[in-house]
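Novice: Sequence:
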Amino acid sequence: MPANKVGSTAKASLASEALAKATALIPELTAGALRTIAARKLLPESVQLLKQAGVIKVLQPGRCGGLEQSMHVHIDVVAAVARGCGSTGWCLGVYHAHAWLMGLFGEQAQADVYGSNVEAILSAVLAPRGQAKKVQGGYRLSGFWPFCSGVHHAQWVILGELVTGDEGGVVDAGVMVIPVADIAIQDDWYVTGLTGTGSNGVVVKDIFVPEHRFLSVPAAIAGKSPGAALHQSNLYFSAPVPVLALFICSAAIGVARRGLDTFKAKLPGRTVSYTFDEKQLEMPITHIQVAEAATRIDTANLILHAMVDEIEEHAVARTEMPFVRRAKARMDCAYAVRLCLEAIEPLVLASSGSGLAESSPLQMAIRDLRGINGHGLLSLPTNAEMYGRVALGLSPNSPLI
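Taking my numbering, the leading residue of the sequence shown gets 27, the next gets one more, and so forth.
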């Protein structure tokens with residue numbers, strides 16, 4: 027399998043290069059944002075741009091031809107791409123997530139995916155919606171998985187399932203990686219937010235999956251994945267649940283920045299209706315709205331980067347991230363994306379009728395942010411209750427911590 031092992035200086039150079047290339051994509055992605063929404067999936071040319079820039083490989087294992095960068099780089103690169111197109115940024119974030127997750131699978135599974143194609147893209151639905159029965163040499167898998175973001179451009183998919191034994195009882199829960207040829211994509215993605223992500227449902231009907239393409243989720247959470255030790259990086263020793271929550275947050279930073287950019291750009295020349303032609307740019311309320319929006323976005327970004335610092339500290343030391351800190355990490359993710367939503371909502375209201383136009387980047391931003399905040403793993407009430415319970419010494423309301 028192709029290897030791409032680099033030292034710390036070279037890694038820093040690659041990180042700067044990846045961010046610069048991602049930032050350079052913003053104008054082209056912005057130009058294609060409305061067409062992406064109309065297509066209800068990523069444009070082929072957008073995916074090609076991501077590939078040519080190399081930014082899809084940010085968290086792909088180095089031994090599999092990837093850049094094997096840090097989660098700090100992931101946040102910044104995804105935020106830059108999302109500043110151009112929210113749907114493209116979201117899909118890039120989940121592509122990063124699944125490349126990282128692939129690094130936890132065993133060596134043979136990694137070879138299956140990347141051995142003949144280091145450009146391979148993985149889509150996924152990690153919720154255990156499938157049913158797998160243990161058979162000789164592997165599993166028989168069936169099920170329906172909704173919301174498989176970016177699946178139209180993937181070569182492989184990772185799907186969650188409960189595994190039953192000979193007597194019919196559940197013996198494990200995990201994820202399996204299968205080629206896209208084994209799935210059927212449903213035409214069911216008709217939504218108002220993250221519209222261009224192509225998060226269609228997928229169906230699998232009684233296929234055989236070899237044993238080496240299965241990853242036990244409880245084992246991975248416990249730090250016992252078969253693949254982590256294959257890599258030089260500490261990245262694959264990170265606490266899985268906080269990391270997976272992080273991967274679906276980063277796009278919100280870029281989407282919110284795009285919304286703020288749009289609002290500021292529209293201010294010169296705007297007046298406030300039903301007043302004595304007051305210039306909106308000169309109104310104190312406008313200054314407050316812009317300052318609060320910018321601060322909320324910056325705070326969300328700082329929260330995510332601080333969370334990465336803590337995750338990496340434990341990954342480097344090979345110590346388990348404390349349970350209460352993992353619960354807090356989920357809360358941090360939910361709070362960060364809520365801050366981004368709260369940053370943009372007042373700006374939409376302050377934009378009057380123009381902020382309602384379907385083609386308005388500000389309207390596109392608020393719809394995407396509502397979509398991100400609606401993700402089950404990022405529900406603020408759910409995560410607040412969970413973190414509060416754990417902080418008070420009670421049992422959590424979720425097995426995924």
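No lab work stands behind these hints: they were computed from the structure.
You may find that some hints are simply not true.
Unchecked claim - Simulated restraints, written as ranges between beta carbons of each label pair:
hint: 1; residue 1: 297; residue 2: 349; range: 50 to 56 Å
hint: 2; residue 1: 258; residue 2: 307; range: 21 to 27 Å
hint: 3; residue 1: 234; residue 2: 321; range: 18 to 24 Å
hint: 4; residue 1: 181; residue 2: 408; range: 28 to 34 Å
If you're wondering where the values come from, they're calculated on a predicted model, not measured in any experiment.
Glycine residues also receive a C-beta, built at the ideal position from the N, C-alpha and C atoms.
Novice: A separate judgement is required for each hint: does it hold in the structure or not?
Specialist: Quick rundown of the hints versus the structure:
In this structure, residue 297 and residue 349 meet the distance hint of 50 to 56 Å, their C-beta atoms being roughly 55 Å apart. Our hint of 21 to 27 Å for residue 258 and residue 307 is violated, since their Cβ atoms are close to 52 Å apart. Against the hinted window of 18 to 24 Å, the Cβ-Cβ separation of residue 234 and residue 321 comes to about 53 Å, which falls outside the hint. Taking 28 to 34 Å as the suggested C-beta distance range, the pair residue 181 and residue 408 conforms, at roughly 33 Å.
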